[in-house]
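*Asks:* Protein chains in written order, with the numbering used here: chain A, 1 to 275; chain B, 1 to 216.
Calculated from the structure, these hints are not laboratory results. Predicted model, so just to flag it, every value in this text is computed and none were measured. Take the hints with a grain of salt, since some may be wrong.
Just so you have them, the derived chain B footprint on chain A, three or more residues with Cβ under 8 Å [said to hold, decoys possible]:
(1) 5–18
(2) 28–39
Here are a few chain B residues that face chain A, going by a calculated C-beta distance under 7 Å [what the hints assert, rightly or not]:
(3) PRO5
(4) ILE6
(5) PHE9
(6) PHE141
(7) THR143
(8) VAL146
(9) LEU149
(10) PHE163
(11) VAL193
(12) TYR196
(13) ALA197
(14) VAL200
Don't be surprised by glycine CBs; every beta carbon is placed ideally from N, CA and C.
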Amino acid sequence: MQYPKAIAAGFLIIVFLLALLLVFIASTVYLYQKKHRSFLLKLEETRIKYERELLKSQLEVQEDTLQHLSRELHDSVAGQFTLAKLYLSTITLPSGHPSVDKFALVIDLLTKGLEDLRDVSKSLSLDLIRSIGLRKAIEAQVIHLRKAGEYYISYDVRGACDYDDEQKEIIVFRIFQEAVNNIIRHAQATTIRIVLDSTTKDRLRLIIADNGKGFAAKQLVQRADNSRPGGLRNMHVRARLIDAHITIISLPDKGTTVDLSVPLATDSFLTQSNT
Amino acid sequence: MTPTPILLFSQWLLETLSWLLLVASLIFCFRRRAASYMRSFPWYCIGNCLPALVTRMWAAHTGLVIYVFTIFELCYFTYFFSRILLSKRTKAVLWSLTSAVLLYAIFRLFARQVFNINLVFVVLESFILIAASLYYFRQLFITPIVVNLFEQPSYWMTTGVLFYFVLLIPTLCFANYFYDLHNRFMGDTIYSVNSYAQVVSYGLYFKAMTCSIPKP
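If we strip away everything but chain A, and leave its shape as in the complex, we get:
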């Protein structure tokens, strides 16, 4: 074999060996990237699980605090109001006394205060929603709001809205309470529209809309969790826990709409971690 042929043969052998090598390197790199991806996925799953456990613990602490507050209001504060009313009732002013009207007014105020206190205590406690369910618990809150006389409130229930998951109902109810509290505290609204919709098979939808002064929702919602206002943060945190999707649409002077969409599939993180 002459040298040119030897060089050509050598070149062919090298090309063949390089092809073999390329196949080997491509296989190892591909398998390694696959392992890398699955490792990242596992890491993400662990991070999500940890985050959810943390959220769940935070909410449990909050619920315990609210329960405790509810009991204290009912047992201690309401009890003292009742005692005060009782003592006042035992006092009889002679007719024609200049303070008779004021005295009657004081007793009325105490009675009204006692009723309001009991309502607040009920709303903080979970017994209400546990005994009558989400639909009726929201109805009770609507009735209480209407009594105040400051808002025109419409409550529209579409579908059966019989939600068989107590944990999710509690969280939806808390989100509802938070949204309503925000309207009362900040919105300066006159109309509140509430829609509870379960006509879609796999979703429960809760819409709370007002005609108040609104706010720059986009900017506030885009902030990281820690810098968002507490109420907004709580709503998002609770929604995340039950795999719900919450949208808050608001513009200055254009009112606010809170749209909560909750999946009805029972495989939420709450039920997983409780089994």
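Put chain B on the given structure of chain A with help from the hints.
*Replies:* Using the frame of chain A, we list chain B on its own:
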């Protein structure tokens, strides 16, 4: 009998690239923050180039030179794998096997006065280094640390070692088979594949040396 042109060309190519590899190793292996296990690679390159020089001066001792170089090669790569493998037990096993093979080689050299490398020795060396390479790949896949393979010198070095030594055994076996049948042409052709495989592995060693160094 002079070797065939294909074998001569392959050996010339291998020798030329050995010197280029030595120069490249002196440039790249001592960069600041280069992987510490690469700093010993220039020594391997020097050891790689010496046999060609020595055999030119003392052609009669070619067998002995190759024998000593093979022992040096085994020791160097065992040291290299002991730097990149994490398991202490595996390193201990690796060094024990290498020591056993070394003892065997020294026994042959001094006690039996055999100065030519034999197939048994080459096969033992190949198996040890192939096993070490495979263990490295296993380690790569099971440890949770994720690295960029394209910039990992140990990956390229190990691939080069595995590639060369996996091809070495069949090429030597088949070459010897044809030499025993007095078919010089086929024997040389197959033996030249060994040289070309080493050329390709030099390419991988070069890639290992030139991997970019991560910023602190």
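*Asks:* Going back to the hint list, which numbers does this structure go against?
*Replies:* Number 7 only.
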